[in-house]
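Number of protein chains: 2
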Amino acid sequence: MANEKKMNFVILGLLSHESLTGYEIKKRMDTTFKFFWSASYGSIYPTLNSLVQDGLVTKLDITENGRDKMLYTITAAGKELLKQWLVLPVTKDELRYETLMKVFFGGKIGPSLTLEHIHNFESKIKNDLPSLEGAVQKLTEIQDEEDDHKYFLLTATFGKQIYEAYLEWCEYAKKILGGTSSNQ
Amino acid sequence: MANEKKMNFVILGLLSHESLTGYEIKKRMDTTFKFFWSASYGSIYPTLNSLVQDGLVTKLDITENGRDKMLYTITAAGKELLKQWLVLPVTKDELRYETLMKVFFGGKIGPSLTLEHIHNFESKIKNDLPSLEGAVQKLTEIQDEEDDHKYFLLTATFGKQIYEAYLEWCEYAKKILGGTSSNQ
DNA sequence: TGGCTCATGTAATCTGTTACATGATTCT
DNA sequence: AGAATCATGTAACAGATTACATGAGCCA
Numbered sequence: 001m002a003n004e005k006k007m008n009f010v011i012l013g014l015l016s017h018e019s020l021t022g023y024e025i026k027k028r029m030d031t032t033f034k035f036f037w038s039a040s041y042g043s044i045y046p047t048l049n050s051l052v053q054d055g056l057v058t059k060l061d062i063t064e065n066g067r068d069k070m071l072y073t074i075t076a077a078g079k080e081l082l083k084q085w086l087v088l089p090v091t092k093d094e095l096r097y098e099t100l101m102k103v104f105f106g107g108k109i110g111p112s113l114t115l116e117h118i119h120n121f122e123s124k125i126k127n128d129l130p131s132l133e134g135a136v137q138k139l140t141e142i143q144d145e146e147d148d149h150k151y152f153l154l155t156a157t158f159g160k161q162i163y164e165a166y167l168e169w170c171e172y173a174k175k176i177l178g179g180t181s182s183n184q
Numbered sequence: 001m002a003n004e005k006k007m008n009f010v011i012l013g014l015l016s017h018e019s020l021t022g023y024e025i026k027k028r029m030d031t032t033f034k035f036f037w038s039a040s041y042g043s044i045y046p047t048l049n050s051l052v053q054d055g056l057v058t059k060l061d062i063t064e065n066g067r068d069k070m071l072y073t074i075t076a077a078g079k080e081l082l083k084q085w086l087v088l089p090v091t092k093d094e095l096r097y098e099t100l101m102k103v104f105f106g107g108k109i110g111p112s113l114t115l116e117h118i119h120n121f122e123s124k125i126k127n128d129l130p131s132l133e134g135a136v137q138k139l140t141e142i143q144d145e146e147d148d149h150k151y152f153l154l155t156a157t158f159g160k161q162i163y164e165a166y167l168e169w170c171e172y173a174k175k176i177l178g179g180t181s182s183n184q
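From first to last, the protein sequence lines stand for chains R and L.
FYI, this note's numbering numbers position 158 of the first sequence as 158, with every residue one higher than the one before it.
FYI, this note's numbering numbers position 170 of the second sequence as 170, with every residue one higher than the one before it.
Treat the hints with care, since some could be wrong.
What the hints assert, rightly or not - If you want the footprint, here are the derived chain R segments under chain L, 3+ residues with CB under 8 Å:
id: 1; stretch: 8 to 17
id: 2; stretch: 65 to 72
id: 3; stretch: 89 to 101
Stated by the list, open to error - Simulated restraints on C-beta separations:
id: 4; chain 1: R; residue 1: V52; chain 2: L; residue 2: I176; range: 34 to 42 Å
id: 5; chain 1: L; residue 1: Q53; chain 2: R; residue 2: E24; range: 44 to 52 Å
id: 6; chain 1: L; residue 1: T73; chain 2: R; residue 2: E94; range: 58 to 66 Å
These aren't lab readings, by the way, just hints derived from the structure by calculation.
Every residue, glycine too, gets a C-beta built ideally from N, C-alpha and C.
Turn these sequences into a full structure, and let the hints guide you.
Written as structure tokens, this is what we have:
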């Protein structure tokens with residue numbers, strides 16, 4: 001109880017909106033959160049079971065489309081604990097970019113090999129940006145002043161803006177390192 | 001040998017420039033890397049010893065200013081392994097922002113409590129930005145086309161640009177959530 | 001029938017932090 | 001004299017990933 005582990009609260013947060021299976025929780029994270037939070041099944045399922053043990057979530061064995069699933073639902077205690085955590089000050093924001101590490105020591109391998117890292121980074125960002133832009137557009141359209149959309153829009157916008165800033169930096173880096181503009 | 005652990009290479013990278021003590025390594029990270037990579041003594045010292053075991057680094061007991069220190073120096077094998085790692089493709093870039101998590105679920109606690117998280121985030125960024133700007137300016141001035149400065153400038157510029165993008169997002173977030181512009 | 005997605009979970013392992021433990025030197 | 005910084009390290013623990021293990025339903 002009163003565990004500090006953040007996975008607890010991420011899952012409680014998702015379940016506070018609707019009941020989900022472990023598999024669906026993973027998918028939500030991968031589509032909505034991925035750029036600022038990720039998790040594997042190896043942490044999701046054990047966390048769900050510990051939440052059940054603590055009475056913060058209930059587990060229901062259901063059959064849907066002839067498929068057996070475990071549906072998890074947040075309890076009143078779970079909702080309460082989630083709110084308590086949400087108001088606590090943030091304890092850690094972390095960026096850990098191996099790409100920057102390799103760029104920092106780029107002098108050891110020279111500009112052309114360093115540029116490869118920058119190109120790869122750029123490709124990943126360009127690949128992920130459209131879904132963020134799509135989310136921003138969709139959430140902007142449904143400007144219903146309603147419930148949670150405003151907050152989803154804020155995080156999606158963060159992703160979009162930061163990814164755009166990354167791409168600007170890539171252009172700058174290519175200029176500095178004398179890379180040609182040929183992508184791909 | 002052939003360990004994947006990145007701390008190995010971060011330390012080898014720092015030592016490839018000059019011999020350092022564990023304490024100095026920590027300081028370098030805290031001043032130069034902090035925004036994209038961090039580590040505690042609890043991982044630095046054991047890593048250094050394992051690097052010595054593997055013959056990638058040598059350990060020398062010296063006395064300086066009446067103080068006993070362990071000075072670590074990279075070996076030829078260490079330099080070689082570092083270069084080999086630097087050219088390998090990046091395996092992971094990770095951003096894990098608890099702040100965004102709390103903003104995402106902000107609907108549960110409302111705009112004013114969510115704005116507190118945004119204000120705290122903004123304060124931290126504003127606090128760290130000047131040192132990045134200072135680094136960029138200093139590295140821009142010594143435009144000597146020389147050795148590693150170009151690469152240091154690239155990473156510092158990344159930090160500066162991204163932090164500026166964060167601040168722009170904070171302004172947007174405050175507007176969306178109806179926060180007053182009173183900082184501090 | 002074969003491959004993909006849906007679906008759940010465990011065990012081993014990895015990587016790192018926090019807290020503890022200690023002590024000298026330098027600054028005020 | 002006391003606080004801050006310099007300096008090194010360990011032990012316990014936390015938190016998460018990877019690989020493994022398994023199996024059903026859906027689509028081509």
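Review point. For this structure, which hints from the list above don't hold up?
Key: 2, 6
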